[in-house]
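Residue numbers (this note's numbering), protein chains in the order written: chain A, 1 to 113; chain B, 1 to 115.
Source of the hints: derived by calculation from the structure; they are not laboratory data. If you're wondering where the values come from, they're calculated on a predicted model, not measured in any experiment. Treat the hints with care, since some could be wrong.
[To be verified] Heads up, simulated BS3-like pairs for lysine-lysine below, C-alpha to C-alpha not over 25 Å straight-line:
#, chain 1, residue 1, chain 2, residue 2
1, B, K42, A, K100
2, A, K69, B, K78
3, A, K100, B, K57
4, A, K100, B, K78
5, B, K83, B, K42
[As the list claims (entries may be wrong)] What follows is a list of derived Cβ distance ranges for each label pair:
#, chain 1, residue 1, chain 2, residue 2, range
6, A, V29, B, E53, 24 to 30 Å
7, B, P8, A, L18, 37 to 43 Å
8, B, Q14, A, S12, 36 to 42 Å
9, B, Q101, A, E64, 43 to 49 Å
10, B, M15, A, L7, 33 to 39 Å
Note that the Cβ used here is the ideal one computed from N, Cα and C, for glycine as well.
Here are the chains, one letter per residue:
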Amino acid sequence: AQSVTQLGSHVSVSEGALVLLRCNYSSSVPPYLFWYVQYPNQGLQLLLKYTTGATLVKGINGFEAEFKKSETSFHLTKPSAHMSDAAEYFCAVTPNRDDKIIFGKGTRLHILP
Amino acid sequence: EPEVTQTPSHQVTQMGQEVILRCVPISNHLYFYWYRQILGQKVEFLVSFYNNEISEKSEIFDDQFSVERPDGSNFTLKIRSTKLEDSAMYFCASSRFLGVQGTQYFGPGTRLLVL
Numbered sequence: 001a002q003s004v005t006q007l008g009s010h011v012s013v014s015e016g017a018l019v020l021l022r023c024n025y026s027s028s029v030p031p032y033l034f035w036y037v038q039y040p041n042q043g044l045q046l047l048l049k050y051t052t053g054a055t056l057v058k059g060i061n062g063f064e065a066e067f068k069k070s071e072t073s074f075h076l077t078k079p080s081a082h083m084s085d086a087a088e089y090f091c092a093v094t095p096n097r098d099d100k101i102i103f104g105k106g107t108r109l110h111i112l113p
Numbered sequence: 001e002p003e004v005t006q007t008p009s010h011q012v013t014q015m016g017q018e019v020i021l022r023c024v025p026i027s028n029h030l031y032f033y034w035y036r037q038i039l040g041q042k043v044e045f046l047v048s049f050y051n052n053e054i055s056e057k058s059e060i061f062d063d064q065f066s067v068e069r070p071d072g073s074n075f076t077l078k079i080r081s082t083k084l085e086d087s088a089m090y091f092c093a094s095s096r097f098l099g100v101q102g103t104q105y106f107g108p109g110t111r112l113l114v115l
């Protein structure tokens, strides 16, 4: 069965520092992988997704993620954190190219001034 | 930019009561979904809906749940007899396509509290 594990339910970084949110997946077939962000009182917004091709995926707001099949990872990074990045981030996988999304538990990102 | 909307944003109900959660998907989308997130837990898939019928449902989606697209714009989730454990945030989502071209757009959620 497909699953997603996010390491760290809370991550704090200083403004201007590197953001690294970790995600490992389990999938018996090549997966589609996603990162969603949820700002307070808002819905889930797609940050980026990997389907096929280039393993380094660029998303909105300066975020990017790299698909590493050998490590079954899809970590999310941003070179320089901004206060507006404070939110909850969800890694997710779609198995078998179908439409059901399987989410991780989420990581709440705190930005320290 | 078009967005998925959900009403109400919050709902409080008594155990055993029926609730209907409403969603307005993006207008040219064809695939519709409900997910839920119990406080402190993962976002979980409930059901997908296409061409006026359920495409897939999870084991959570038992006989107490039903979905309907009563007109060209609304997509509803009904819980017939609510239980305490139905307290959660419920997200609606829609997409135009499946697969590589498909992206699910989520609404802001309805927070349901069952007392």
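These are the hints, each one checked on the structure:
1. K42(B) / K100(A): holds (14 Å)
2. K69(A) / K78(B): violated (40 Å)
3. K100(A) / K57(B): holds (9 Å)
4. K100(A) / K78(B): Holds: K100(A) and K78(B) sit about 20 Å apart, inside 25 Å.
5. K83(B) / K42(B): holds (19 Å)
6. V29(A) / E53(B): 24 to 30 Å: holds (26 Å)
7. P8(B) / L18(A): 37 to 43 Å: With Cβ atoms ~40 Å apart, the hint holds.
8. Q14(B) / S12(A): 36 to 42 Å: Check passed, 40 Å falls within 36 to 42 Å.
9. Q101(B) / E64(A): 43 to 49 Å: With a Cβ separation near 21 Å, Q101(B) and E64(A) fall outside 43 to 49 Å, so the hint is violated.
10. M15(B) / L7(A): 33 to 39 Å: holds (37 Å)
When held up to the earlier numbered hints, the structure conflicts with 2 and 9 and fits the remainder.
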